[in-house]
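Please work from the sequences and hints to get the whole structure.
Protein sequences appear in the order of chains A, B and C. Using UniProt numbering, the first residue of the first sequence is number 1, and each one after it goes up by one. Using UniProt numbering, the first residue of the second sequence is number 1, and each one after it goes up by one. Using UniProt numbering, the first residue of the third sequence is number 1, and each one after it goes up by one.
One thing to keep in mind: the hints can contain errors.
Just a few of them, taken from the derived set where beta-carbon distance is under 10 Å, the chain C residues facing chain A [said to hold, decoys possible]:
#1 ASP2
#2 GLU9
#3 GLU16
#4 PRO56
#5 GLN112
#6 VAL121
#7 PHE122
#8 CYS186
These are calculated hints, taken from the structure and not from any lab test. Backbone N, C-alpha and C define an ideal beta-carbon position, used for all residues, glycine too.
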Amino acid sequence: MEEVDNIIIHTLRQIGCNLNESVLSLKEFTTDNVIEATSTCLRVINDANQFSRTLPPSMSARFRLGTGLAQACQELGFNGVIGYQTFLYPTEGDIRTLFMFLVERLPKESAEAADEPMGGAILLNRRIASELSKILAGTWIPPFCKRSGICWSGKDGKTWHREGVKGVHPFRSSPLKYPKGLGDLTRKISKDAKQYYDSSAMPLITSQPPSRHNISDSILEANSLKVSSDMEWENEWNHSGLASGLTPEEYKAKKQERLLKKLSKNIQAEVQKANVESSRLNKQDFNEMIREISEQNVSAGHEHVGSRFTRSEKLQFTQDEEKELAAVAAMTENAGAKIDTEEEIQARRKEEIDAMQGRLTELTSRLEGLEIDMRKFTATVEQAQEQTEFLQRKNKEEEDAYKVRKRTADLLPDASNNIAKLETVVESSSTRLITLAKQWEEHRKPLIEQYREMKALNSTRLSEAQKKIEQIRNLREKMKETVEEVRNRDDLLKDLVTEYQNMVKDVNRSAYTKRILEIVANIKKQKNDIDKV
Amino acid sequence: MLLILSQEHKEHLRLLSDLQVEVAREFCRISLEFILKGSNPKIYQTAAQKLGVQVNQVKQAVEGLVYLFNESSRLMIGEIDFQDSVMTLGFSEELNKLLLQLYLENRNEIRRLLGELSLELSHYHNLEWRFDVQLASRSLHHQTEPQILLKLHTKRQGDTDSQIFQTDPVNLVHLTSELENALAEMKTAHCRRIVRNIK
Amino acid sequence: MDINHDAQEGLQLCGESVRIPEKSFKKLVEITFDIILGKKDETSFDASNTLDSVNPGTLKEAYYGLVTLVIEAVKTDSSLTDISSYLEECKWDSDRIEYLNKVFSGTRPDIQALLSSTRTVFPHIVDVDWRLDYYVKNKYLDKVNKPTYLISLKTEESNKNGYSDVEFSCSMEQLQDLVGKLKDACKSLEKASQM
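Here you go:
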């Protein structure tokens, strides 16, 4: 029984019972010990069990406590004989069975938790402690001896801690640009882009931030920005992109189009709304303004034309003044009339122009009248043609009718014979029709079947494709989950390895195994003895 | 050290020697109130009427007392020196005792008031501290950097001011030991000799 | 360690011996680390002949990938095995991976220190100066006779060269209070270091 007692006492100590070092077996347990051990066990098993751990002085209170404990044990499923007397007047055998039962019922987690308190918090505390003791071991150095506030230490001078904030600066990032897609030979890059990448117009990534301090900031920012946008794209592609059955480029183009349409629609709606609100007042003004502007334009055009005309006229006159004058003089001389001044010439020309214009308008109006006449004539010609066609058609129809009538008239004399002939003809044609229908049916049947087959095949293929897409999606999700899990497992492994390294090799375990082996040996011995008997 | 009173001052205080002790006590009360809370000219008027003297005389007497108390407090005149100094005014025994008693009672309060007037630098009021460990920052995850945040409250003429500083363990230890040295310096023989000698 | 696709492409370029030959690769890695640590600047790219054989655009993209990898790896404190397996994914051969790891492990603490200097801080106390006066008298009071300490805290601030001084005075009692509180802080640090 010694081994059992040892295990029980060890376990009781582990859950926080205040047992004297000298207590080695359950035989030595006092009433106090029993009460404390039982109430502690019950508390560990179920937090709701809150019994006093010490023996109260008054007899009635002791009785109450004993009964309470006994009841709690029975509620837990203890089958043995139990009552207040078990606790107040303990016998070795009774409490051994009781404690064996209770120790078995102790939650495993609590035991494990007590064994391995290596949570993240503890690790963190250890990390802090070791860092602190390392730092505190150092001596103080005047600040001007430290390069940018950092104190290097360690054997190889490769560990550091901060003792000042010289050279410290806040996080400030700026956008970066860099060549893209040069590694992928399948993707085409335009010549201009390539030239730009190769030229000095595209600076190296580290020379882009305005200050050298902020190089790392900008790079980190650019990276996390791109990573998150990549991730978002992937999510979207998995959710809606794959199902659409388009290539990524097409999908993107489509999305862009959709968004643009939506944008323009919204903008238009807003503009319209704004217009409706202010239209009544403004519309008229606006229209008037437009009219004014157009009128101005028109008049300006006229002016322009006029001025150009006059200018060129003037130019002509000034340039060829002498010649003109001479010519005019000659003309006037020849005509025997008085010498005309320029104004007169102009006036005369104007008159001439007016006369000409008058004739021109007359002629055009006549031309127009003639054109109208011509159109009228062509229309009548068309009408006549149509009529002829109609008449011709009628004529033909009537001719056909005449022919039929003529044949029936011819057949009339030998009526019975001819009727029989006709009937045979009708019969033969009907049989031919039937055979034709049969033939058609023969052709049709396989075709229809084929069509149906194809249709079914198509639908199954479609559903299969959908299934596959679904599968792909699932796989992707699974992939992601697995990656996540692998990462978690890696972390766990790391933690566990450090934990393992830090762990003192467990003594309890070896003690336990040793005891178990002893028990096994004892049992063997007993068995042998029994066999002997 | 005796307080040397000017002739004019003595003139001003002469009024008191003619009065009964009870009235003189009232004068003393008024002058102490003057020091602690400020003057009250109305009282002069009524007192002058009651005693049948000029207002100016009353005022001068009160102000003379004020000056007497102030000067002796400023110079931390001892008990015996004060008695000797007052003796020259030729007051009655009873009045002298009264003055001494009032002086001793109010000296600390008057010195406190005078102390408030003196040049004052912003001085330490309180210090709060907090121990932080920086575990990560935006550009560097996985750090373990102990830091101590200090909030220093200082006071100057009743205005409190607080500033926040940070420091690292090594500098904190250095700061503490340096200031401990400063404290210890007061206990050295050199400093003690000076303290002893300047009295 | 999360590296975006563009940078990953740059890293793949970096591992292609056709585009970036062995010699140029080593030079590129060397220059990259020197520039990150501020030992050299970008002109060393033009100064180096070994990099002439590489197409400038390719070089820029590879450099971008490399810089991003180094800074991101230091930021997340990624282990060398993590980096190696990542670079294997980028199809680097083992020689290049080994070379990078060698350079990287030698400079990692320096880059950590560099990245740790991006932060916001309060004025950092780096030293203290003190003076002990014996306050004798002033205009209004004689025989004050008290020891007075004048204390000046030297602080460093970010984005500022040199030190700022914060001055205040202390009576004996006040200094005792101050020292007591500082000692408390020291003690709690020691306690924390022994956990």
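Quick rundown of the hints versus the structure:
1. Of the supplied interface hints, the one on C:ASP2 holds, with its beta-carbon coming within about 5 Å of a beta-carbon of chain A, less than 10 Å.
2. A hinted interface residue such as C:GLU9 counts as satisfied when its beta carbon comes closer than 10 Å to some beta carbon of chain A; here the least separation is about 5 Å, so the hint holds.
3. Here the hint on C:GLU16 is kept, as its CB sits about 7 Å from the closest CB of chain A, short of 10 Å.
4. For the restraint placing C:PRO56 at the interface with chain A, the shortest Cβ-Cβ distance is roughly 5 Å, inside the 10 Å limit, so the hint holds.
5. About 8 Å separates the beta-carbon of C:GLN112 from the nearest beta-carbon of chain A, less than 10 Å, and the hint is met.
6. Evaluation of the C:VAL121 hint against chain A yields a held restraint, the C-beta minimum of about 5 Å falling below 10 Å.
7. Checking C:PHE122 against chain A: minimum C-beta separation of about 9 Å stays under 10 Å; hint holds.
8. With 10 Å as the threshold, the beta carbon of C:CYS186 comes within range of chain A, its nearest partner Cβ sitting at about 9 Å, so the hint holds.
Checked against the numbered hints listed earlier, the structure breaks none of them; every hint is satisfied.
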